[in-house]
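Protein chains: 4
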Amino acid sequence: MAEKKDSIRIGVIGTGRIGYVHAKNLVQRVQGVEVVCVADPYVDRATEWLDELGITERYTDPAKVLNHDKVDAVYICSSTDTHADFLVDAAKAGKHIFCEKPIDLDVEKVKNALEVAKNAGVTLQIGFNRRFDHNFAAVKQAILDNKVGDLHMIKVTSRDPEPPPAEYVKVSGGIFLDMMIHDLDMVRFLSGSEVKAVSAAGAVLVDPEIGKAGDIDTAVVTLWLENGAIAVIDISRKAVYGYDQRVEVFGSAGMARTENDLPATIEITGVEGSRKEKPLWFFLERYNESFLIESEAFVKALREGTTPPVVGIDGLEPMYLAMAAKKSLEEKRVVEISEVR
Amino acid sequence: MAEKKDSIRIGVIGTGRIGYVHAKNLVQRVQGVEVVCVADPYVDRATEWLDELGITERYTDPAKVLNHDKVDAVYICSSTDTHADFLVDAAKAGKHIFCEKPIDLDVEKVKNALEVAKNAGVTLQIGFNRRFDHNFAAVKQAILDNKVGDLHMIKVTSRDPEPPPAEYVKVSGGIFLDMMIHDLDMVRFLSGSEVKAVSAAGAVLVDPEIGKAGDIDTAVVTLWLENGAIAVIDISRKAVYGYDQRVEVFGSAGMARTENDLPATIEITGVEGSRKEKPLWFFLERYNESFLIESEAFVKALREGTTPPVVGIDGLEPMYLAMAAKKSLEEKRVVEISEVR
Amino acid sequence: MAEKKDSIRIGVIGTGRIGYVHAKNLVQRVQGVEVVCVADPYVDRATEWLDELGITERYTDPAKVLNHDKVDAVYICSSTDTHADFLVDAAKAGKHIFCEKPIDLDVEKVKNALEVAKNAGVTLQIGFNRRFDHNFAAVKQAILDNKVGDLHMIKVTSRDPEPPPAEYVKVSGGIFLDMMIHDLDMVRFLSGSEVKAVSAAGAVLVDPEIGKAGDIDTAVVTLWLENGAIAVIDISRKAVYGYDQRVEVFGSAGMARTENDLPATIEITGVEGSRKEKPLWFFLERYNESFLIESEAFVKALREGTTPPVVGIDGLEPMYLAMAAKKSLEEKRVVEISEVR
Amino acid sequence: MAEKKDSIRIGVIGTGRIGYVHAKNLVQRVQGVEVVCVADPYVDRATEWLDELGITERYTDPAKVLNHDKVDAVYICSSTDTHADFLVDAAKAGKHIFCEKPIDLDVEKVKNALEVAKNAGVTLQIGFNRRFDHNFAAVKQAILDNKVGDLHMIKVTSRDPEPPPAEYVKVSGGIFLDMMIHDLDMVRFLSGSEVKAVSAAGAVLVDPEIGKAGDIDTAVVTLWLENGAIAVIDISRKAVYGYDQRVEVFGSAGMARTENDLPATIEITGVEGSRKEKPLWFFLERYNESFLIESEAFVKALREGTTPPVVGIDGLEPMYLAMAAKKSLEEKRVVEISEVR
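Residue numbers (UniProt numbering), protein chains in the order written: chain A, 1 to 341; chain B, 1 to 341; chain C, 1 to 341; chain D, 1 to 341.
Treat each hint with caution, since some may be false.
Any copy, or any two copies together, can satisfy a pair, since identical chains are not distinguished.
Unchecked claim - Mimicking EDC-like on lysine to aspartate or glutamate, the simulated pairs with C-alpha atoms at most 20 Å apart in a straight line are:
id: 1; residue 1: 24; residue 2: 248
id: 2; residue 1: 111; residue 2: 226
id: 3; residue 1: 276; residue 2: 336
id: 4; residue 1: 300; residue 2: 61
id: 5; residue 1: 147; residue 2: 272
id: 6; residue 1: 109; residue 2: 304
id: 7; residue 1: 300; residue 2: 52
id: 8; residue 1: 276; residue 2: 261
id: 9; residue 1: 24; residue 2: 51
id: 10; residue 1: 24; residue 2: 52
id: 11; residue 1: 332; residue 2: 150
id: 12; residue 1: 196; residue 2: 331
id: 13; residue 1: 212; residue 2: 330
id: 14; residue 1: 196; residue 2: 162
id: 15; residue 1: 147; residue 2: 6
id: 16; residue 1: 24; residue 2: 289
id: 17; residue 1: 109; residue 2: 296
id: 18; residue 1: 276; residue 2: 244
id: 19; residue 1: 118; residue 2: 108
id: 20; residue 1: 101; residue 2: 85
Since the hints were made in silico from the structure, they are not lab data.
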């Protein structure tokens with residue numbers, strides 16, 4: 001593919017599932033960018049889609065991308081344990097960075113990486129894609145348009161279609177850091193407020209193996225926000241009917257809430273009543289468009305030199321909330337965020 | 001009105017708003033009963049509807065009803081502070097009792113009253129009418145029909161259209177006893193389980209006067225149930241759009257949830273989108289039919305000599321939950337119900 | 001029951017199902033009326049509910065009611081073939097009249113009866129109860145509030161839960177007069193316009209016995225309105241899922257439409273999708289409140305001396321539309337209403 | 001772009017809006033195809049997207065594509081009046097053909113073109129994309145799965161967000177051929193049945209200029225199907241709230257129906273009631289995915305040598321229905337399809 005004039009040139013690190021999603025959007029749908037190169041220890045496994053997308057420069061060594069002289073920005077889509085190191089390396093090489101969340105499961109590593117990126121003066125966006133989802137963005141807009149008035153309550157429901165294997169659970173960082181992190185971000189996003197304190201409830205109801213792995217699979221977390229509102233998140237590792245992703249915000253002027261996206265609007269009415277379809281099952285299908293829109297926002301920020309919509313601190317703050325939730329669950333009390341900072 | 005053969009003969013104590021609701025249902029819609037007499041210090045104010053219903057025997061002294069030799073059962077619809085005493089008197093007089101909730105704001109008075117009723121061997125039903133609401137009863141039925149599977153989570157949302165005056169708030173017993181008591185009962189009803197522990201969050205967001213009166217107007221309570229499930233109740237003293245009454249239950253086989261009742265099913269679509277009507281505003285309109293069905297259930301229990309669907313203990317247990325919620329709010333920790341018993 | 005001062009005194013002719021509905025509303029729920037007496041050749045069969053409602057004056061001879069000196073108005077709830085005669089007798093006796101539809105299956109008898117009533121100067125309301133239904137009234141209000149703008153299209157869907165027996169079909173006057181008459185009235189009601197011409201399609205798809213009885217069980221009728229709009233009605237004698245009653249109006253400013261009333265708002269989501277309840281099955285349940293409201297409107301018109309909301313001509317005009325529809329079906333062409341007048 | 005092994009090689013004729021839609025899908029999303037070349041007299045205007053898609057072989061002369069020795073199949077996306085000629089030329093050149101509808105406004109030209117294609121033995125698919133829409137395909141599937149039982153009624157509603165200019169209307173072939181053709185196809189698709197007779201109603205309610213151009217802008221057409229069912233289509237050239245595309249099918253086992261696709265599932269509830277978003281406005285947005293799926297179906301048919309899901313006759317039959325509808329409107333009578341064949 002010929003180099004496009006004025007294009008922002010991107011290198012993608014990690015050619016697994018999420019690397020593919022981003023590369024495909026960048027090549028086919030985002031205007032004004034080109035994907036120069038990719039790197040992955042197992043880049044050979046991605047031959048088919050790299051061919052399909054016409055990406056010919058391929059490395060097994062991420063350093064080749066991180067230090068590539070024709071790369072303006074990198075997408076860090078590798079395994080979680082490598083994010084922080086690549087973020088640091090990229091920042092030091094003066095590359096702008098789109099980094100998948102979480103930055104790391106260790107808060108000190110995250111703080112250090114953010115510090116390096118800040119000092120390097122590069123643009124950094126964290127991959128909280130749900131902020132760009134049509135439904136949640138519409139709720140945010142309703143709040144901005146004052147349709148809800150002063151915020152009194154935020155409710156987030158998040159249920160996965162299937163639990164992860166217990167082996168994964170063991171290294172996941174626990175349900176709050178691994179799964180609820182998105183919902184904690186959603187509370188911060190919708191409210192535009194930080195959180196003061198947290199209280200958590202949890203149980204093992206889905207899979208006893210998750211309990212044996214030292215985690216829970218069902219949780220409810222209440223959050224006291226600095227703006228005075230109360231938020232409550234409920235999550236489950238398994239909903240038999242599919243991926244359940246809803247929010248409700250309530251305030252002095254009214255309420256805004258979302259329903260799940262369905263494959264079709266059909267309703268069939270028979271002797272058993274009226275039936276609608278199940279929610280979309282797979283997160284890549286459900287959030288497909290949000291990945292595109294977040295990349296467009298990143299590219300726009302790069303092009304205009306503005307602050308991207310999800311910054312480094314947005315990768316750090318929800319970690320404190322998750323840590324406070326874990327502490328609350330263990331100590332059966334309200335935990336101030338200041339206790340875990 | 002001529003005495004009907006085999007009718008259950010009822011005396012109504014209290015001819016205010018809720019007394020009228022019950023009397024009207026008993027006279028016009030419940031089969032096999034007759035209202036023999038009523039009593040209220042201000043019975044004169046009820047002349048119009050007593051005439052309308054053809055109830056001619058009227059007293060200012062409740063004792064006249066409680067000891068009436070033609071009365072089989074009494075409806076205690078007077079002010080809250082008199083419920084426990086009338087309950088005791090009725091029980092001692094051998095009358096069956098339908099008692100509006102709360103029995104009293106003081107748990108010791110409630111326990112004593114229930115003890116007396118028990119020893120007297122009379123039938124006692126407590127007025128948790130929402131259990132008989134078409135929507136909530138349908139959720140209960142879905143649970144019984146195993147449509148939800150093992151219960152993992154119960155969510156109850158309850159928002160009033162308008163806050164009470166601060167003067168009322170001062171003597172109300174607080175939001176948990178005064179307002180959330182219905183929702184605490186709903187959790188017990190839907191789950192069929194007692195509660196082990198409670199955690200509460202609260203804020204004054206609706207009306208500062210409520211705060212000055214020593215109460216909150218917005219609350220979220222999380223409950224650990226003995227059957228392992230988690231419940232979360234969110235309430236507000238004011239929703240500008242009307243009376244918001246919804247539940248959601250989630251479990252291993254799926255989810256069941258309700259929407260608010262609307263005045264009509266009309267949807268108007270124009271340049272601003274599609275608009276549906278607001279929920280019904282007034283609780284007597286919203287729960288109109290539930291009052292009838294609860295009376296029918298009471299009468300059925302009397303006629304068949306069976307246990308009524310809402311018994312004395314159902315008037316006591318939610319009080320402990322409310323007390324634990326209040327304690328949790330003050331002490332910022334999870335409170336075991338055993339701590340407040 | 002003591003005579004109420006200033007009450008409008010009503011006599012009910014016909015103590016079958018619809019007579020009971022009206023009598024019960026008049027006794028229990030409509031303000032400012034009393035039911036003085038009833039008449040029916042089989043009045044003995046109604047003893048139970050007449051006792052329940054406290055109606056003691058009972059006749060087998062309708063003339064006793066029609067000429068009763070304490071009766072201000074009569075409700076004609078007898079069998080269809082007697083409506084016109086009783087209407088004439090009542091008018092001649094100077095009684096105001098609420099008459100169930102149809103007035104008669106013979107248009108000449110209807111015209112004559114209306115003429116008599118007009119000359120007698122009595123108030124006459126025809127029982128098109130659906131106009132008073134909460135959903136359809138809301139659509140009418142939306143039109144009056146200009147939410148729809150200039151009317152372009154009206155769509156009415158009407159499906160019964162079960163077909164009538166073929167024996168009934170034979171004497172019913174045919175599907176247009178017997179069943180669609182309500183929907184033809186709905187078009188006139190919503191549009192506020194008369195109809196110029198009609199085109200009909202029909203088939204026997206539900207029950208071959210209906211075909212053998214010379215009728216159809218499925219029909220679509222298109223109507224050209226004098227105000228320029230087009231209306232289309234589709235009906236079926238049988239919907240397995242219950243009583244299906246919906247309208248949609250469309251115009252220059254938008255669309256308003258209704259859904260069926262459901263027994264409860266519950267939605268159960270499982271591996272098969274999300275299920276809501278079937279529509280209400282029985283017309284007396286579905287339209288219960290509309291019967292009350294139409295009686296309240298009749299009484300209000302009597303009390304205030306105003307024109308009632310459904311007048312004599314409203315009983316006649318839809319008959320012409322039904323007759324034109326039948327002619328159109330036979331002649332496979334558009335039929336002007338003027339052809340059948 | 002390198003030639004892919006085993007790819008089906010496609011030439012696209014017409015690089016306007018719909019040509020772009022198909023080319024983009026073929027290049028980016030359909031597996032196993034490549035776009036070899038394009039032709040359009042104004043191909044220069046498409047430079048930007050042709051560059052974007054990496055399509056380098058570009059002609060002004062369609063013959064270059066039609067006779068290209070590396071082209072297996074052509075997409076005819078040019079202006080309507082050229083479809084039939086290109087179809088004939090492509091068939092004679094032995095190319096498989098995907099042809100946008102309508103094939104032509106003149107039925108004789110269409111018949112001739114189909115004859116040529118048939119004799120040439122090439123595969124021909126007509127661009128009735130709505131058959132591949134997620135909602136309508138779900139209704140078709142519900143019918144195939146016997147959820148509806150024997151079909152009794154099909155209802156199609158189709159309203160455009162804005163009327164075309166009167167200048168276009170003059171050469172459009174009229175509302176039945178130009179706009180309702182999709183809905184007529186939908187009836188054939190859903191029913192799997194041909195149509196016996198048609199009756200039409202119409203009016204000029206949206207724009208008097210359309211009337212002056214000799215056309216109508218609002219229409220209702222009733223269709224008698226050979227399988228006994230009745231269908232009714234209502235269309236309008238303008239719905240202020242957007243693109244309104246719904247169907248309902250009703251039968252012996254129940255009903256299936258669709259709602260419009262909305263941009264988001266958000267519902268905002270305030271003092272004015274609950275508001276949902278308007279339907280998607282633009283047909284390319286609304287039917288975006290259907291264009292992809294129809295191309296995938298075409299490619300699958302080519303690869304497997306099977307009959308494509310929309311064949312030549314599907315391009316011809318709805319024309320007869322449209323012609324019969326026009327005749328019915330003029331003659332105010334039911335028109336048999338045999339009259340216009």
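Evaluated hints:
1. 24 - 248: neither (32 Å within a copy, 37 Å between copies)
2. 111 - 226: This pair counts as neither: shortest intra-copy Cα distance 22 Å, inter-copy 41 Å.
3. 276 - 336: The answer is neither: 43 Å in one copy and 38 Å across copies each exceed 20 Å.
4. 300 - 61: neither (29 Å within a copy, 39 Å between copies)
5. 147 - 272: between (38 Å within a copy, 11 Å between copies)
6. 109 - 304: The answer is neither: 30 Å in one copy and 55 Å across copies each exceed 20 Å.
7. 300 - 52: between (26 Å within a copy, 19 Å between copies)
8. 276 - 261: Classified as both: same-chain Cα gap 11 Å, cross-chain 14 Å, threshold 20 Å.
9. 24 - 51: Classified as both; 11 Å inside a copy, 17 Å across copies.
10. 24 - 52: both (9 Å within a copy, 14 Å between copies)
11. 332 - 150: Cα proximity of residue 332 and residue 150: none, with 30 Å in one copy and 25 Å across.
12. 196 - 331: For residue 196 and residue 331, the Cα distance is within 20 Å both inside one copy (17 Å) and across copies (16 Å).
13. 212 - 330: Cα proximity of residue 212 and residue 330: one copy only (16 Å, versus 34 Å across).
14. 196 - 162: neither (32 Å within a copy, 29 Å between copies)
15. 147 - 6: neither (40 Å within a copy, 50 Å between copies)
16. 24 - 289: both (12 Å within a copy, 17 Å between copies)
17. 109 - 296: Neither: 28 Å inside a chain and 47 Å across chains, both beyond 20 Å.
18. 276 - 244: both (15 Å within a copy, 18 Å between copies)
19. 118 - 108: Within one copy only: 15 Å inside a chain, 62 Å across chains, cut-off 20 Å.
20. 101 - 85: Within one copy, since 13 Å is at most 20 Å while 56 Å is not.
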